[in-house]
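Asks: Sequence:
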Amino acid sequence: MKRLFIYIVTVMALFIAGCYEDKGNYDYDTVPQVSVSGIEKSYDFYVGSQETITPTVTWTNGKPDKVSYAWRINNKVVCEEESLNFVVGDLPVKAGLYAEFTITNEDLGVEYINRFNVSVYSTYYSGWMLLADKGNVSELSYVRDDGGLYADIYKSVNGTDLAGGACALMEHWLPTSEEIGQIFVACQDGPEYSVELDGNTFSKMVATKDEFVGDAPKDFKPMRMNCVTNYDYLISNGKLYVRNIQASYDALYQDGLFPNFPYPGDYELINLGIRGNLLFSNDIICFDKKTSSYMLVRTGEMKRFDYTNDSEKAFIPYDMGKTVLDGGPISTATPTDEFLTVLKSNLENKAYVQKFRFSGWGAKTYRSISEVEFPDPSIINENTKFAVCQNRPYVYIASGNVLYVYNNKDNTVKPLRSDFGRTIRDIAVCPTNYERLGIALENTDDTSKSDFMVLDVSVVGDGKTLEGMEFIGKFGRVVDLIYKIGNQWDTY
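In the numbering used here, each number is its position in the sequence shown, counted from 1, plus 30.
Think of the hints as simulated: they come from the structure by calculation, not from any bench. Heads up, some of the hints might be wrong.
Stated by the list, open to error - The calculated BS3-like cross-link candidates involving lysine-lysine, where the alpha carbons are at most 30 Å apart (straight line), are:
hint, residue 1, residue 2
1, K185, K319
2, K385, K239
3, K234, K251
4, K164, K234
5, K269, K415
6, K319, K333
7, K374, K394
8, K333, K415
9, K106, K185
10, K444, K385
11, K380, K333
12, K319, K239
13, K374, K444
14, K343, K251
15, K234, K320
16, K444, K394
17, K343, K239
18, K374, K319
Here the structure is a predicted model, which means the values were calculated and not measured.
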């Protein structure tokens, strides 16, 4: 049957009415017309999920005796009912697929087409990851963007527990790859310690202790992993381990081995590894606790920031008498990455906020921007959590049971929400939507468990909990929370 588009329906209806004058007694004023509402312009579907769309179909001039329906995605009919109801299976995992809902008046042979787009994602494409300490074991859970909860996903997929000593989560990718990345799960207890997971399935790829030449270091306590072009950087027990990867853009995950001895020097790195643009920056910013100094890790080497050639000299980046508590990029517009860090004085009850940048193509040049005294140091202690936004002037700060928002442009801080009534364990912003903030809290009834919710921290949202994104007592004692990006290009 020849397909007729809706914008020529009126003309064709007149023609058909004339042709069927003796049989159907139709005329222009009595041709059935249909309107459809309740279909959005675009949808996100997940492989393996049951997806539904229930439109409102309204007929004028009467409903035809014979009507058929067809839902097509990527030119494939997936459902032939008035409401879409199907399990996502044999569709390409791809954004922006063409889709349509077609209603056919079989009496007249006329089709009414409603177009929309569908993006199909793998089951675990993007969402929130929560790492929890459960005593002798650790627990990794996952909350998808649509509210799908996968509690203790590591054990569900791999059939065994993570090692104890939950420490941190990191997501990393091959250079410029459009594939979903891998997940580094840092646990500090043996025998398994930290592991690398496939971002598509959460299945274990390798234990980090098996990625060394010979045995793992005797004092192995994995803290953080950063992977850039030609180099993987592992921080364990305050020391830096460097793996050189010969291949560049055709590299593979776990390509080569780490030496079982650290980068030389008398230093103690904290659990910090800040990176700018995920696609075009290969620098990692660390901090040495022993000398109160920033350290730049670049092309396999670690050195102090270049203060000598810093034209601004807003602060001295070494021997500061301060300790970095946290930080992150506030802008990653190529070729310049700008960063913000929060520091605590080693000797007095003062806190500071520093900004600096690395600019240029290739070996970027360091420039300091500013240092200001934080307006309320009483809210900052060793348990305070921070979440730095990009392209918005905000840093979210969790102290005790209060969530604060700090404006780094006017150096002011104020409470955003103080109604939780329980300790905040961790916070994280979504790197693909900085108006979304994940927050893990101590459970009211059982302190060994955690609650989790996602807040709308847009100007109009004002920290309200998103509907369908609140989970009570579903997790162990959360020690780290991050947003799983999936495809690194989604941040660009």
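Asks: All hints are to be evaluated individually against the structure, with a verdict given for each.
Replies: Hints, one by one, checked against the model:
1. K185 <-> K319: Roughly 35 Å separates the two Cα atoms, so the pair is violated.
2. K385 <-> K239: Answer violated: K385 to K239 is near 36 Å, above 30 Å.
3. K234 <-> K251: The given pair, whose Cα atoms are some 19 Å apart, holds under the 30 Å limit.
4. K164 <-> K234: At roughly 20 Å apart (the allowed maximum being 30 Å), K234 and K164 satisfy the hint.
5. K269 <-> K415: It holds: about 23 Å lies between the C-alpha atoms, which stays within 30 Å.
6. K319 <-> K333: Roughly 14 Å separates the two Cα atoms, so the pair holds.
7. K374 <-> K394: Cα-Cα ~27 Å, so holds.
8. K333 <-> K415: holds, 27 Å
9. K106 <-> K185: violated, 36 Å
10. K444 <-> K385: Since the Cα atoms of K444 and K385 sit roughly 20 Å apart, the hinted pair holds (cutoff 30 Å).
11. K380 <-> K333: Within the cut-off at roughly 27 Å; holds.
12. K319 <-> K239: Judged against 30 Å, a Cα distance of about 25 Å means the pair holds.
13. K374 <-> K444: holds, 19 Å
14. K343 <-> K251: violated, 36 Å
15. K234 <-> K320: violated, 35 Å
16. K444 <-> K394: Violated: K444 and K394 sit about 35 Å apart, past 30 Å.
17. K343 <-> K239: violated, 41 Å
18. K374 <-> K319: holds, 12 Å
Violated hints for the displayed structure, listed by number in ascending order: 1, 2, 9, 14, 15, 16 and 17.
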